[in-house]
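S.K.: The residues making up each chain are set out below.
There are 2 protein chains.
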Amino acid sequence: MQELEEPATAAFPPRSRDLSFLRAVIDRRLGLLVPPAASHPAVLHAAMRHILLSPGKRLRPLLTLAAAIQLNASEHAVLDFGCALEMIHASSLIVDDLPCMDDAAMRRAQPTTHVQYGEDVAVLASIGLLSRAFGVAAAAPGVSERARLEAVAILSMAVGSLGLCGGQYDDLRPSPGRSLSATEDVNRRKTGVLFSAAVEIAGHVAAADETQMGHLKALAGHVGRAYQILDDILDASASSASLGKDVGKDAHKATVIASLGAPRARKLLSEHLAGALATSQELGPNTEGQEPLRDFMTAAFGELMGPLAP
Amino acid sequence: MQELEEPATAAFPPRSRDLSFLRAVIDRRLGLLVPPAASHPAVLHAAMRHILLSPGKRLRPLLTLAAAIQLNASEHAVLDFGCALEMIHASSLIVDDLPCMDDAAMRRAQPTTHVQYGEDVAVLASIGLLSRAFGVAAAAPGVSERARLEAVAILSMAVGSLGLCGGQYDDLRPSPGRSLSATEDVNRRKTGVLFSAAVEIAGHVAAADETQMGHLKALAGHVGRAYQILDDILDASASSASLGKDVGKDAHKATVIASLGAPRARKLLSEHLAGALATSQELGPNTEGQEPLRDFMTAAFGELMGPLAP
Numbered sequence: 001m002q003e004l005e006e007p008a009t010a011a012f013p014p015r016s017r018d019l020s021f022l023r024a025v026i027d028r029r030l031g032l033l034v035p036p037a038a039s040h041p042a043v044l045h046a047a048m049r050h051i052l053l054s055p056g057k058r059l060r061p062l063l064t065l066a067a068a069i070q071l072n073a074s075e076h077a078v079l080d081f082g083c084a085l086e087m088i089h090a091s092s093l094i095v096d097d098l099p100c101m102d103d104a105a106m107r108r109a110q111p112t113t114h115v116q117y118g119e120d121v122a123v124l125a126s127i128g129l130l131s132r133a134f135g136v137a138a139a140a141p142g143v144s145e146r147a148r149l150e151a152v153a154i155l156s157m158a159v160g161s162l163g164l165c166g167g168q169y170d171d172l173r174p175s176p177g178r179s180l181s182a183t184e185d186v187n188r189r190k191t192g193v194l195f196s197a198a199v200e201i202a203g204h205v206a207a208a209d210e211t212q213m214g215h216l217k218a219l220a221g222h223v224g225r226a227y228q229i230l231d232d233i234l235d236a237s238a239s240s241a242s243l244g245k246d247v248g249k250d251a252h253k254a255t256v257i258a259s260l261g262a263p264r265a266r267k268l269l270s271e272h273l274a275g276a277l278a279t280s281q282e283l284g285p286n287t288e289g290q291e292p293l294r295d296f297m298t299a300a301f302g303e304l305m306g307p308l309a310p
Numbered sequence: 001m002q003e004l005e006e007p008a009t010a011a012f013p014p015r016s017r018d019l020s021f022l023r024a025v026i027d028r029r030l031g032l033l034v035p036p037a038a039s040h041p042a043v044l045h046a047a048m049r050h051i052l053l054s055p056g057k058r059l060r061p062l063l064t065l066a067a068a069i070q071l072n073a074s075e076h077a078v079l080d081f082g083c084a085l086e087m088i089h090a091s092s093l094i095v096d097d098l099p100c101m102d103d104a105a106m107r108r109a110q111p112t113t114h115v116q117y118g119e120d121v122a123v124l125a126s127i128g129l130l131s132r133a134f135g136v137a138a139a140a141p142g143v144s145e146r147a148r149l150e151a152v153a154i155l156s157m158a159v160g161s162l163g164l165c166g167g168q169y170d171d172l173r174p175s176p177g178r179s180l181s182a183t184e185d186v187n188r189r190k191t192g193v194l195f196s197a198a199v200e201i202a203g204h205v206a207a208a209d210e211t212q213m214g215h216l217k218a219l220a221g222h223v224g225r226a227y228q229i230l231d232d233i234l235d236a237s238a239s240s241a242s243l244g245k246d247v248g249k250d251a252h253k254a255t256v257i258a259s260l261g262a263p264r265a266r267k268l269l270s271e272h273l274a275g276a277l278a279t280s281q282e283l284g285p286n287t288e289g290q291e292p293l294r295d296f297m298t299a300a301f302g303e304l305m306g307p308l309a310p
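Protein chains in written order, with our numbering: chain A, 1 to 310; chain B, 1 to 310.
These are computed hints drawn from the structure, not numbers from a lab.
Every value quoted in this text rests on a predicted model; they were computed, and no experiment measured them.
Check before you lean on any hint, since a few could be wrong.
If several chains are the same, the list does not tell them apart, and a pair holds so long as it fits within one copy or across any two.
[Said to hold, decoys possible] 25 Å max Cα-Cα, derived SDA-like pairs, lysine to any residue:
no., residue 1, residue 2
1, K57, E210
2, K249, H76
3, K57, A37
4, K217, G289
5, K249, E119
6, K253, S39
7, K267, P36
8, K217, S54
9, K253, V43
10, K249, D120
All chains, please: the whole structure from these sequences, using the hints.
M.R.: Next up, the structure:
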């Protein structure tokens, strides 16, 4: 079969923090890690690239990079793991948008994959991206065999029936009168697991000790919960044009806003952001005195909250 | 997250060859490797087990075991890789049967997964099985880290857009007037890749040399082509009740029978079976003087060809 690997490029200036620069590095690598749109079967590859390479926030690879840099590991060593997480995320977006799920027409300011390419191609593109993610993680250059196997195991659990698939199931078939804690458990599996996977993989690559790993997981928990609340607030309040995707799709679902009301949900969002920043401080700066996780959170959530600005 | 691993059981009598005994060992292990049907989300786990544990031929794990035993490797060492292949196969059956693909109602003598559980659950069950397969391969007990990584890489390529997903795409959207060689290429990607993956993984675990690996790949090529032709012959000639699945689903598709006609397709089937047996002989018996690959092919194809008996 065709050989798709190429070594990670030496494209990073030392300890770069700029989100748009890092996104360009991630996007370039993503484009190399999936087959070109011209290669057979061209329509399938075009569908995979349609969702994967459309402008996105790239939060999961950015978090992976930030965690690695804060722990003095090389960003090169985790770039492909971050890309694998983005492939899994893109794969899950195709699935979430399917007619039998959320039946969404727009995503990332373009038609959803099944609208553009047909439902059969969308399902195959989703599986193609997911399978490729595991292959990318298994072949990550410059990383020990053990860390690559740990990454594959972490990704498998994150995607499977105890992670994303299970969270999506519960989101589609909510039990009536679900409690706030049950809603938060669904959110953890539907959204939190990939943020947790990002920092855990970075921690394994950086040979983090138990205390550091505990901080990383706590931080990912805060980031995941903050992001899910923010996503729900945006879904309820922002316009489809400003978000580039269908809005109001969660109106019938159990969300933190539905449980707490918008003002208390916003307060909880602030608390999780503060919690994430405090946990980053517990981890301490890297040997260059920098705190990439704090910088990532400040910049990424600053962007995300833009549509909410008065 | 819940820990699902347990060590492979010591359930093999030495060098057992009996297909129904080996199937029972495989089925028991499969049942342990996916979450129990009672664990949350129960419906999703029931759907995963519905297809995975329904009576099936288990050809891919059987081939994995036979190749390992012929090369004097332990069947214990490859059991979980065989199970991972069966999970991938089950996952692909759910997808192939979806309304947007073959829209099939019966599979393995029971309703297809989407008919029984709904389309959304079927898609999630398929992804859950696929993800679990990669986790199982990464954690296979008693196997070197390198062999596990090789297995993950082989499975990733086998499932992805250059393997199963691409073959399924071409099968759903055949180019008009497709040549026999193009049809065989589709069959290789749609069916052959998992047979090839089975013997390649067994070869890596057994530390096969280049010559042995060449024989293994040639053998898998013959087995995969023979199996696809036989499957098409059965689809065209046997009854739904005898096969336990919808028949006639390939009537509009490009098949070897459509290209060659039934008599020449049957001749080609015999040639591939003879080729597989000859290749097994090239590999030579194991240190106990046995040829498990020959035994597997004789027994498995004997069963498969039962419905064709006069």
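S.K.: Which of the numbered hints are not met once you compare them with the structure shown?
M.R.: Numbers 1, 2, 7 and 8, in rising order.
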